[in-house]
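**Student:** Sequence:
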Amino acid sequence: MFNKILIANRGEIACRIARTARQMGIATVAVYSEADAEALHVRAANEAVPIGPAPSAQSYLKIERIIEACRETGAEAVHPGYGFLSENAGFATALAEAGIVFIGPPPAAIAAMGDKIQSKKLAHEAGVSTVPGHLEVVPDADGAVRIARDIGYPVMIKASAGGGGKGMRIARSDAETRDGFRAAASEARSSFADDRVFIEKYIEHPRHIEIQILGDGFGNIVHLGERECSIQRRHQKVIEEAPSPFLDAETRETMGRQAVALARAVGYRSAGTVEFIVDQQRHFYFLEMNTRLQVEHPITELVTGLDLVELMICIAAGERLPFAQPDLRLSGWAIEARIYAEDPARNFLPSIGRLVRFRPPGGDGLRLDTGVFEGAEISLYYDPMMAKLVGHGPDRDTALLRLRQALDGFAMAGVQNNIAFLAAVLARPRFRAGDLSTNFIAEEFPGGFAPPAEQVEADRVILIAAGLAHRRMREHETAIAGKLAGARAEIEERVIVLLDGRPHMVAVGAEDGGYRVEIDGESHAAGTDWRPGQPLLHALVDEHAATVQIERLPSSAWRLVHGGVIRRAQVLSPRAAELLALMPHKQAPDTSRLLLSPMPGLLAAIHVDEGQEVKTGEPLAIVEAMKMENVLSAERDGRIARIRARPGDSLAADQVILEFE
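In our numbering, the protein residues as written are 837 to 1497.
It should be emphasised that the hints constitute simulated quantities derived from the structure, not laboratory data. Every value quoted in this text rests on a predicted model; they were computed, and no experiment measured them. A virtual CB, placed ideally from N, CA and C, is assigned to each residue, including glycine. Be careful, since some hints might not be right.
Label pairs and their computed distance ranges (CB to CB) [what the hints assert, rightly or not]:
| # | residue 1 | residue 2 | range |
| --- | --- | --- | --- |
| 1 | Pro1425 | Ala1346 | 42 to 50 Å |
| 2 | Gln1117 | Asp1365 | 52 to 60 Å |
| 3 | Lys1422 | Gly1484 | 34 to 42 Å |
| 4 | Arg1266 | Gly1198 | 40 to 48 Å |
Pairs of lysine to aspartate or glutamate, EDC-like flavour, derived with a Cα cap of 20 Å [to be verified]:
| # | residue 1 | residue 2 |
| --- | --- | --- |
| 5 | Lys1037 | Asp1052 |
| 6 | Lys1037 | Glu972 |
| 7 | Lys840 | Glu1155 |
| 8 | Lys1037 | Asp976 |
All chains should be built: construct the whole structure from the sequences, respecting the hints.
**Tutor:** Here it is as structure tokens:
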């Protein structure tokens, strides 16, 4: 066994690998860029080595610097985590030439499966079901259109070296194919230094289901069941679960058998994942093989009782798998939610800044993998994922309930995050029924993520929380000592709560050590020990526990979040509410003549000049943030009056890029 390993990664996965290594008695070495000098993964390791500037191309992707760090520290092996160099065959080869063990598959297997075109050919030869498509490199946009017409729309344009949702576009027309080819090739070039793309048939309303495999150096290969990864946005997984609520035993066994056959065909060793798309009739097709540890590996660990990182290290050290396929049993259910620094209300644009509050929930059936802490800086240079929160239990309903309650109780501030959006996804009846597809988010949130226009189930709890918070605040104020003689401080029981502007009569009175809350004629017994300033209001409502995230706003208002619903609640006396209704509404400033940066990022390109006429939908600029390209297009016809930023500029959110006449 190794005495010391280097972790060639950052963030939550570096912390997670360090945790297992520590349990195994193995010393760890962290590497870090200038932006990560104070990062959690640096603190989690026994040693840490700086490897370069903040951009990953100058640090985490520098093979020679990683090898130098191994030599400096005496690390005998390297665990690459996921992303960065984890699926780089050249990296694995360079380590071998330096006498350092790569904790992962052989370079030949990485190369074979990392090339999406070659991998599909190998899968077909191994007897694995594959999607119809053109398994050759597409030369240019015109060639892409010809191929797409031959296959038949819709098609998927994919980077050959791609992964993580990058370098992928769906096209339903010739115009979309041309644009998609250019965008996919450009994104692939910046993310993988490889702009080759191919095209295949896009399966409508598919599920994304993957099989976890594990192989040792003695020819033993097993599968550890499946993970359902259908809840995606921009081809990036958001929520995963194991097992899938869709598969039957026969399909599961067939998929597992084919995944093992593919792994055997390439001489696979270590942990890997074979991904499939599955149609509504449970026909499945090979998508790709990830020759690394997956982001979502915790849910497999929870239903199998295995530590995949430990097994990867043991296999790399030359040990045999300690079990065979008949020994493996799945038990329980696990659902994982990826927590990102992004703003769902602004089309999920990345958010950067300092985490002034980061207080994850605890409790039975919960697991948190994270690489951040309260006070950490969220940088624009790396992937915006901050943590993975997993709920698990004996069945799907229990796992789902635990995860939903945990999301309600996850207090975070300083950067925008997707916690409320995740809770909203889990609250959808379709999700609870297991009726999933990769189109789920687009279909369930067609206008993006916003507070529901109508009153929903969560609003009852939010209204009760608003009434309780106001009551507790008034009790706190009236209990202040040192008031002037004769000062009266009455606590009004009846108030008007404006929930996103809609009035509700709420009465809160003391009763049996708790409160009696009446809302629009309905009566509820409620209790809470919340105090002003606390970010979470825990309440017992009619003997049911509920947690509401709460933030004080000006004008006697609160920002309340529960069950994926975000509301602004303004609490007023009936007379104040009556007068407020007579006040004129402030008009928002007119920004229709401005192109604003929707996020902090780097202005990568400007496609227009001053004085140029543009048409609706025409690309104007590209802003890069957190490894993704965001194309900003004209929302109307017009003429460019003035360009106020230049390529290479660092932009703040809402910074003006150009003006129209």
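**Student:** Now tell me, hint by hint, if it's right for this structure.
**Tutor:** Hint check:
1. Pro1425 to Ala1346: 42 to 50 Å: holds, 46 Å
2. Gln1117 to Asp1365: 52 to 60 Å: For Gln1117 and Asp1365 the Cβ distance comes to about 53 Å; the hint holds.
3. Lys1422 to Gly1484: 34 to 42 Å: holds, 37 Å
4. Arg1266 to Gly1198: 40 to 48 Å: violated, 29 Å
5. Lys1037 to Asp1052: Not satisfied, since the Cα-Cα distance of roughly 34 Å exceeds 20 Å.
6. Lys1037 to Glu972: Holds, at roughly 14 Å.
7. Lys840 to Glu1155: Holds. Lys840 to Glu1155 sits at ~17 Å (cutoff 20 Å).
8. Lys1037 to Asp976: Holds, at roughly 18 Å.
Hints 4 and 5 from the list above are not met by this structure, while the remaining hints are.
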